[in-house]
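Student: Chains C and G, in that order, are what the protein sequence lines are. Quick note on numbering: the first sequence equals residues 1 to 405 in our numbering. Quick note on numbering: the second sequence equals residues 406 to 810 in our numbering.
The hints are simulated quantities; they were obtained by calculation from the structure and are not laboratory data. One or more hints might be untrue.
Below 27 Å or equal to it, Euclidean Cα-Cα: the simulated DSSO-like pairs (lysine-lysine) are [claimed, not checked]: (1) K54/C / K703/G; (2) K703/G / K407/G; (3) K298/C / K703/G; (4) K394/C / K554/G.
Number of protein chains: 2
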Amino acid sequence: MKVSPLAPKEFATLQALEGVKMQTVEAGIKYSGRDDVLLMMFDEGTSVAGVFTKSKCASAPVDHCKQILSKGVAKALVVNSGNANAFTGVKGASATRDTAFMAAKAVGCEADEVYLASTGVIGEPLDASKFDGVMQGLAQACESDNWFKAASAIMTTDTYPKLASRTVENSDILINGIAKGSGMIMPDMATMLSFIVTDANISKDVLQALLSQHTETSFNSISVDSDTSTSDTVLLFATGKKGEAITSLDDDRIASFSQALNEVMHDLSMQIVRDGEGASKHVQIDVTGAVSDISAKKIALSIANSPLVKTAIAGEDANWGRVVMAIGKAGEEADRDKIAIWFGDVRVAVSGERDPDYSEEEASLAMKGDEIFLKVDLNLGNGEARVWTCDLTKEYVAINGDYRS
Amino acid sequence: MKVSPLAPKEFATLQALEGVKMQTVEAGIKYSGRDDVLLMMFDEGTSVAGVFTKSKCASAPVDHCKQILSKGVAKALVVNSGNANAFTGVKGASATRDTAFMAAKAVGCEADEVYLASTGVIGEPLDASKFDGVMQGLAQACESDNWFKAASAIMTTDTYPKLASRTVENSDILINGIAKGSGMIMPDMATMLSFIVTDANISKDVLQALLSQHTETSFNSISVDSDTSTSDTVLLFATGKKGEAITSLDDDRIASFSQALNEVMHDLSMQIVRDGEGASKHVQIDVTGAVSDISAKKIALSIANSPLVKTAIAGEDANWGRVVMAIGKAGEEADRDKIAIWFGDVRVAVSGERDPDYSEEEASLAMKGDEIFLKVDLNLGNGEARVWTCDLTKEYVAINGDYRS
């Protein structure tokens, strides 16, 4: 597997974080010669928040996590790659129960304190007995500095592990995160997983509010190909080792924590886009002047998801006509004759027509390189949004269409 | 340009239809060495109905047609290929007025009896003076048997002209139609145009009702790549030469006319899908058991537009997991554990999991050939829908991404 040309030059080094230990192992779920199961163990007092796929065909592990989230206590996290345990009917739910039970026994907790995520093939029953032989050993071998191994074990078609870390300003509070996702996961679908741990002392409700808020502008503002997985899961754990408990969003300490959390989530989500299947360009799309932020985001995602826009970017073509098309099809309020469009710093269209001063040469220059900036001003109101995507290349079609032939 | 492998083996031969004449000419709008302007002239008493793009960035000709449609009288139709006259601001509206005026003068009618459509590059001002030199000559040279020339002159990246014809059962009423569309039109976007003429005697309101009804299950049930053009236009003209006037939907003669019209529109819409850019397979998707027909159609289009599903079909991969994903992301009511999925006659999933009797070999066989049938039963209600699409191939990316490089 060729590493994405947009991969980071070097990986973030994640320090040990008080209250969490982890280990990985090869359980032979699908892959051979690599670890495919991750166990994280959390100290007593760890709170948790989660955000999940909106799919109506959510996987069994997503169902499990949603069910136990209201309790808000986490003692363990088990993640496997190679099998998504999605669309597996009653067998899937049963495999989930068995896995949670085994992990609970190995770790010494209740099954509703064990969080689960699975990614890989869908429709294939997950054989939970594979975990049976390894769970006890994993629990005994957990260490605090295994972040890189953890990020690697949850990969599927990812071409590199994804890690990010920040220290909260003016404090010793640490936030470590890992993620996986690469557009569509061979051989089935895109699954985006992210697990973030902090040693901050924050109640589950406050955690949930912060996680939901920042998910909207990070993981929910990226798109590789508009397809939604059955398994998308973001979990945020707070081990509570540092400082007095934060139980309200009005707490003075929230601002700096929120800022650092946002940075970790932004960092991880950018790493996912940059590992988009077949991606050769990273694209940032800004929409301003919409009637609302929600409307701006719909228009931005309509542009980000348009096959025509994405293929034009792959071809380094400043094809603003396709951007106009994508604005028009979004179904959101827009006045054709007020729209302005930029590629990089070059305004290519204004007041509903081609910018009279537009230079094709300058616009083409803005399409070179691997970072593309596209901006649309609707000139209607104050709504704005920023989303990120990648281009659509022949490599994407090859990855998703060729592997059985 | 290589002709689509899904092109019809032979073209329909359209007979002369009383009350309409047409001619084409090379006006040099963009292409050279081929005709790029079509003029149709209608006899006194021709009524008209129209359906247009829902894009908020509709082209100037679409604006024009919408404005004059309530009058419901057509004397002429002018179509040009090579320039869409979209996103061209006040210049675009002015070019439209000038063109309608020139045609009205040549044909001898009012400007609000002249219908217009343009397809091609967007954002490029359309030089209406190009029509000035040719309009008079076109009007004088109109003939009744020029349907093939007409279908050819409106092509852009189409690889073949699209024609269809039916005679209404138990009558001598004829319905002739032409269309163009090929996914995305180089160098800008998908434009789907269709012009249908009948010699039936039908009032504009009845025409409009029939056109809207059948558009929903034909042109609005096909998708090449989910992108919506600024210029999509379907016009239906009735010259009124045959029989007594039909002025009510309750008229006994409606059923057979409606049936023949539906067949013409279905035929033309299938020809558009089969000319989808880079298409190697024609895909029919049936969704049954939804809570409503509207819900069924949304789910069917979610499947049809999924890049993952489309690349899997290109790779002849019976990847039903991706179909589950596309159902789940549609946002419509679905119960994972009730869903059944077929490729051809092979049921691959049932009751929310892999069909225990499913044979990978048989499923793979169903993916061979150039006609693919996909069926989903949601087992919730009586809602159903059928849509058509094509696969997503590297050729699509090449056509839309490579042409400037």
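Student: Next, verify each hint and record whether it holds.
Tutor: Status of the hints after comparison with the structure:
The straight-line distance between the Cα atoms of K54/C and K703/G is roughly 16 Å, inside the 27 Å bound, and the hint therefore holds. Restraint check: the Cα-Cα separation between K703/G and K407/G comes to about 33 Å, which exceeds 27 Å; the hinted pair is violated. Between K298/C and K703/G the alpha-carbon distance is near 18 Å, which keeps this suggested pair within the 27 Å criterion. Distance restraint check for K394/C and K554/G: the Cα-Cα separation of roughly 35 Å exceeds the 27 Å cut-off, and the hinted pair is therefore not satisfied.
In this structure, the hints that do not hold are numbers 2, 4, in rising order.
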